[in-house]
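Starting from the given sequences, assemble the full structure and let the hints guide the process.
Number of protein chains: 2
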Amino acid sequence: METQTDAEYECGFLEDAVEDGRVAYEASVREQYAEDASPHAGRLPDAVVWPASTEEVAAVLSAANDREIPVTPWSGGSGLEGNAIPASGGIVLTTADLDQISVSPDDLHATVGAGVVYDDLNEHLAQHGLRFAPGISSGDIATLGGMVATNASGFNAVRYGETRNHVRRLEVVTADGRIVECGRDVVKTSAGYSLKDLIIGSEGTLGVVTEVTVGLVGVPEHRRAALVTFPSREDASRAVSDAIGSALVPGAIEFMDRMSIRMLNAYHDDLEFEEQPTLLIELHANNDGIEEDLAFAKLICEDHGMESWTAAAEENIDDIWQARRDKYWATTSYREEWEVALVGDVVVPISNYPDIVQEVSDAGEDLDLTVSCVGHAGDGNLHYTPLVDPDDEEMVARAHELNERVVSKALELGGSATGEHGVGIGKRKFMAEEHGVALDLMRSIKDTLDPKGILNPGKVIPEPSPE
Amino acid sequence: METQTDAEYECGFLEDAVEDGRVAYEASVREQYAEDASPHAGRLPDAVVWPASTEEVAAVLSAANDREIPVTPWSGGSGLEGNAIPASGGIVLTTADLDQISVSPDDLHATVGAGVVYDDLNEHLAQHGLRFAPGISSGDIATLGGMVATNASGFNAVRYGETRNHVRRLEVVTADGRIVECGRDVVKTSAGYSLKDLIIGSEGTLGVVTEVTVGLVGVPEHRRAALVTFPSREDASRAVSDAIGSALVPGAIEFMDRMSIRMLNAYHDDLEFEEQPTLLIELHANNDGIEEDLAFAKLICEDHGMESWTAAAEENIDDIWQARRDKYWATTSYREEWEVALVGDVVVPISNYPDIVQEVSDAGEDLDLTVSCVGHAGDGNLHYTPLVDPDDEEMVARAHELNERVVSKALELGGSATGEHGVGIGKRKFMAEEHGVALDLMRSIKDTLDPKGILNPGKVIPEPSPE
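Taken in sequence, the protein lines are chains A and B. Reading the first sequence from the start, the letters are residues 2 to 468 in the working numbering. Reading the second sequence from the start, the letters are residues 2 to 468 in the working numbering.
Calculated directly from the structure, the hints in this document are not laboratory data. Watch out, some of these pointers could steer you wrong.
One copy or any two copies: either way a pair holds, since identical chains are not told apart in the list.
[Claimed, not checked] Derived pair list, reagent style EDC-like, types lysine to aspartate or glutamate, alpha-carbon separation capped at 20 Å:
| no. | residue 1 | residue 2 |
| --- | --- | --- |
| 1 | LYS447 | GLU292 |
| 2 | LYS410 | GLU366 |
| 3 | LYS447 | ASP121 |
| 4 | LYS453 | ASP441 |
Here you go:
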């Protein structure tokens, strides 16, 4: 990790931008913002600032822009591609204190600060019988601002969509400190360019999101879930593409390979899932039709050689999901001293899901790596996690080779290099292949909205001659 | 209507850009592209070109850009805000011949040319049991390119979303003739800036859409519909906001005021709807739970003083919607010699729906105008149609005054100046009020992507000092 000196001197202007006590130069504080949840190398910022209001965010950005000092927005720090690492030093701007929540149940929307944590929002909404629904794994850490930044999604996107599909309005501060309302608190509009949608997924490189209005859905009255095992990953993944192709709209449909199940069983003392390729299927409804849908889902699974169907009791469904949410920790603790080299994240057209699952399996064998796979399969989204001995550089290199091979295959299949984790540092090198000419347009938009390049430099858009 | 001369001389380069027979300079042809479906004043283009391929579109744009000649893309011409009128003359580029359809049923998507007509696509998709679902009124004319241009939607958006929510990938040609793929054929991605979403709703001012991949949904197995009458518009609109707020997700929920019903009855010999404020509620499901939902919808209507509930036989549902789709024609023929001054289109947060309905009613009375209202009420979207004697300038002016008053009220209520018709010429003057600082950003993006300003000039973005 690089270190900085003279930070206080250079960034002293921050005291004028925010209230007392909202800037820190101490190494002990700066170190907390040097790394995110990804395996990417950290970098110490020169200062950390946590504004109390949108106006303070604007004052920080305006002053930093005048001085051409990099500003990296920080939400929950749960990013898996180095999205929030201050790659060029400068200022980390955390939105943690922008944490107000205002719910309009009649409009099915909530207006929340960028620093509100996903699970906290849903806990707050429960009293109204409502939910913000993308269903992300890291919901205990990730904030609304970060979810907008990466267009995050997760378990429930197959029914309810990505973060993008829920955002009605954003309040954003530009690089030069202008406060901009992007969109209106309505469910639809065709009033010009959707800046809101341009900002979503831009990872703080075009502006800093300070407030979000998100649409909500009702908590489903009925939920049914089942753990379904198959003889092979291929059978399981074909069952998924068949279910989606038949226009079934599950609440979630999650794929877990044999190795993932083994890791979950090892991590949880009280868990004993069958060690087989598994789908966790959940259905949502507000009426009794759910039983008919469940029977239909089972029929599809039977068509693909289903070996077992274990219906979950309604009161156990959340526990099963919590077990799945612990997958990352189950993986890291599976072999003492070994670490997760990276968390792969690709998405393909659903009919190609069996192919991308096979590619991970083949690459793991070819490269002699312990790789486990899970995925929000209904969206064609697959995660894969090679475990490595961090002291074995050659093994770490093989893990990255696996990632490159799988991403290339996903792109070849018409897919995308990242389904929900964003580009950050880790996926920049694939952007030229994924976007082609579109990347030139993205670059020109970046130059237009952030001409001095102060916003989260080193992220999303690769340098003009690709790395 | 203004006329042009020397068109052939100025635009002769077009023969080099497209195949023989794909350019026209004859006044008889140009006149067909001088006006769209809106009441806005037409303008003759200098030439009309209909490219046979994306490459021809690129050749036309590249050559026009070199010569700084305006190009106005033309889709179905069904725009209601002058969206496709060649306001600065120059070239009209029609995408009508980009009409290929390729369906991938397993991926639940279709890749279609910009010139494909909405109803034709859905007819084609029916063999697969699938639908492209926004449900627009002018589906017999509107094309996919035009729907992307205005982010169109309609009856079924309340359940399935606007065009934006369905588009997975766009092929777009930039002002200077570059062919750009925006997005991938996947249901979700977080790979950088969503150019796709920036283009959607930009009405051909940032690029010309040539091909679209749209997501599809299954044709629902079960449909139920009912015509429900209420003692007042307020009761009807409160029932809508209550239904949506209770997280019911109807397939459609359409509001029609007393005057609209009167017009429909007069237009259709075989129709005899009760002349009362009416909701047309439709439910969709793939299981028997639909009856439970229907009973719940009826309960909500009863809570708001429902006077009658007439269930439609399943085989009649499409006929009822067809009657509703004829509303525009029913309005224009209601009083011989009178015309529709404009088709209003605003959207508000759903809890404010009763207020905006009331505003139209009050303004109609205050201004002594015959105004009928319909609306995709579940989205908070309201259309209003003042009828005027076109020779009575003062009356026409009153109709525009009504529109300004209603749009201002919608904005005051946190709504948007246009729900689904786009900005075109007619709504430009409201953009400064709706967007504030965001408009400056839109302008800078326009300047970046179309530096010579050749793409559909005079639309969407108002001149720097507002009209």
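Quick rundown of the hints versus the structure:
| no. | hint | in the structure |
| --- | --- | --- |
| 1 | LYS447 to GLU292 | neither (50 Å within a copy, 51 Å between copies) |
| 2 | LYS410 to GLU366 | within (16 Å within a copy, 64 Å between copies) |
| 3 | LYS447 to ASP121 | neither (33 Å within a copy, 39 Å between copies) |
| 4 | LYS453 to ASP441 | both (17 Å within a copy, 18 Å between copies) |
Violated hints, in rising order: 1 and 3; the structure is consistent with all others.
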